[in-house]
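Student: Sequence:
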Amino acid sequence: MQIIKNELKEKINIFIFLAFAILVGAVFFISFRDSGADRSLLQKSSPRLYAALVGNTTQATLKLTPDTGTYNVNDNFSVDIYVDTNSQNVDTVAAYLNYNSVNFQVVSIDTTGSLFTMQAENDYATPGVIKITRGIPAPSFVNNSNGFVAKINFKAVSSANPSSDNITFNFVAGDANRSNVFLAGNPLLSGVYNGRYTVSGGSSDSQAPSVPTNLSASAVSSSQINLSWTASTDNVGVTGYRIFRNGVQAGTSATNSYNDSGLSPSTTYNYNVSAYDAAGNESGQSSQASATTQSGNVPVTLSVSLSASPSSGAAPLSGVSLTVNVSGGSGNINYTFYCNRSDSGINITTPYDIKIDNQSQTSYTASNICNYSSAGSYTAKVIVERDSSQAESRVTVTVTSSQPPPPSDTTPPAISSVSASLITSNSATINWATNEVASSQVEYGLNTNYGTLSGFNSSLVTSHSVFLSGLSPSTTYHYRVKSSDTAGNPATSGDYTFITTAASLTLSVNLSAAPSSGVAPLSGVDLIASVSGSATGNINYTFYCNRGDIGINITTPYQGKFDNQAQTSYTANDICNYQASGSYGAKVIAERGSYKAEARVSVIVNPKPAGGGASGGGSATNFKPIGYIDEANGNLVSGWVFDANANTSPVTVHIYVDGTMVGSSVANLSRSDIMGAGSVVKDVNHGFSYNFSNLSQGEHTVRVYAIDVPAGNEIELGSSPKTITVEESLSFLKSVPKAILTNQILFFISLFIIIFIILKMIF
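Under UniProt numbering, the first residue of the sequence shown is numbered 1, with each subsequent residue one higher.
Quick caveat, the hints were computed from the structure, so don't treat them as lab data.
Be a bit skeptical, because a hint or two may be false.
Once the Cα atoms are required to be at most 20 Å apart in a straight line, the calculated SDA-like pairs of lysine to any residue come out as [what the hints assert, rightly or not]:
| id | residue 1 | residue 2 |
| --- | --- | --- |
| 1 | Lys561 | Gly593 |
| 2 | Lys608 | Pro515 |
| 3 | Lys151 | Gly128 |
| 4 | Lys355 | Leu302 |
| 5 | Lys596 | Thr648 |
| 6 | Lys624 | Gly593 |
| 7 | Lys561 | Arg600 |
| 8 | Lys624 | Gly634 |
| 9 | Lys608 | Gly593 |
| 10 | Lys355 | Gly376 |
| 11 | Lys608 | Arg547 |
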């Protein structure tokens, strides 16, 4: 019996142990359940998705994912564009973005998987600007809270530690010519989320590579032209070259050559090349080179007619013009003119009177090219080449002898002192002398085939001057001069050359103000100037807070003059103070080398609201808020803030985590410790505390900003930012109210003791 009793007691002890274990588990379970704690706290929360909203979410919004990131120089990273249609139907998305081309370079745009299957714009040729427009065929539309539009692949090229978003949508509410979304042409976009990206390492590079030179083009087939040029140089290194065909970018190359394929047969293409570096700096474009693709071997029939003006006259008959008209075929045309060739052949022989190649017009006049000294019937002729076909046409010129016999002078004028002067990037003046009075004309072109004639000047002079215009910059031209004396004796000089100068440099400047508006008095306004253009050298900046004229003359007084600056973007901090309300025209004049440019921006100062201003009513000074963060951890951030403009009123604070505003708080908690002798704080109720929720595991940056009472600006508190670390643990227990947890534990312990005593009494 004693053995049975002992075994029973042993089983009872085991039962008591198991009951105790079950009760302890139940305490934790029920406490956690009844506290209302969010079970998702057990899981690792996701990082923030979007930057601060610009605009509102009443209709559709555009967003970047990820909207923040930290990268190293030379890293490649991608940013996706999504649209939240907010339950609306959308058939078109226009995403126009701006970015800092000094820090980032666009590598490519990938639209694979886009919900908008039709492409209208896909442009990133201009550094700092991206334009993407896509649509979906009617009657389809997109209605999606996370609709994928496109992926932009970037390369980080220089260090960046931005204090504001640096890849941003070009967005103004209601502006259909900027970023927007549409249904049947109606704009629906009401807000955007921009992005902020940090780049570590490296240094800023703002110097563009040199302009590529010696560009040549060679047609190797009916559909391909090969290009080559002399490589550019750069202070860091040339990344590649952009190839422009007929003024539009056709491709890029990492080397100093490019094969342009997929072209049309017998077509002339004009090319320019620019160089760019890893920082996105781009040189000017090279001189133009042209080539005509070979014929596609498709037989064509050409129809050619030739006329002469005048077609008859008394000897000597000078200055006869030949006009040709062509139909049939396609592509540019070569014209070869003869003043007296009667055969019907299409073979081109020499000498010819003039040969004009690579002309786009189907009607061409060779002015004043034929001179007939004696009476007779002459046959003028033209041979036309187009595609792989040739054709010819002839016309008769009749010269009578009704006039007195020609003079005995048969000696052409002697040409001397040939020179080119007043050479610019697009013009030149050709000068020469003759030993007797004679006419003036210049034949010129890119080689000794010439190809272009100046207008015929029949004035008989011994000192000749002909102005040539419409030339290309930095180009070598061949030329020869022509003069005929009163007897019609023609003389032609030898070959000469000149080189046009490079194109003029440019300079432009943009100006912005921060803030650009506020309540009077508005103090501490920054003026930010950004310079662009092909001019080089250090820059002088002259700032005016209120000068509305458009002149570039520097007058005094100015508010700030900053000379010999290397940077193309300059901020004049806290330079402007506006005491009275009104609209002011701030201005900057930028000087670079011998070039000047100016820009202006409006600053709007609104009247102070009735009853506003600092307490006491006698001062118009705008005091900035002051404050401090006392504590910041994974659960909360707390501190105090005070604004002397409203020293008895609580101040609103905005709380940001990792660059995203997560909430706000009103600083109205009692903080007697911030008052004391000499303190400007006149009221104890200026403390604040904000509890975080769902912070992910890891390190976070916490910033706190006070809202400036008169101006409405965000002012960062002292000791901000703070870095906090959230550990992955059973942190959910912190959210269980202590009173609930304590009461339940005491209840179950009491219950266990009662059961234990009863069992002991029985056994």
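Student: Against this structure, judge whether each hint is valid.
Tutor: Right, here's what the structure says about each hint:
no. : hint              : verdict
1   : Lys561 <-> Gly593 : holds (16 Å)
2   : Lys608 <-> Pro515 : holds (16 Å)
3   : Lys151 <-> Gly128 : holds (16 Å)
4   : Lys355 <-> Leu302 : holds (18 Å)
5   : Lys596 <-> Thr648 : violated (51 Å)
6   : Lys624 <-> Gly593 : violated (41 Å)
7   : Lys561 <-> Arg600 : holds (16 Å)
8   : Lys624 <-> Gly634 : violated (29 Å)
9   : Lys608 <-> Gly593 : violated (44 Å)
10  : Lys355 <-> Gly376 : violated (25 Å)
11  : Lys608 <-> Arg547 : violated (24 Å)
The structure fails hints 5, 6, 8, 9, 10, 11 (numbered hints given earlier, in ascending order).
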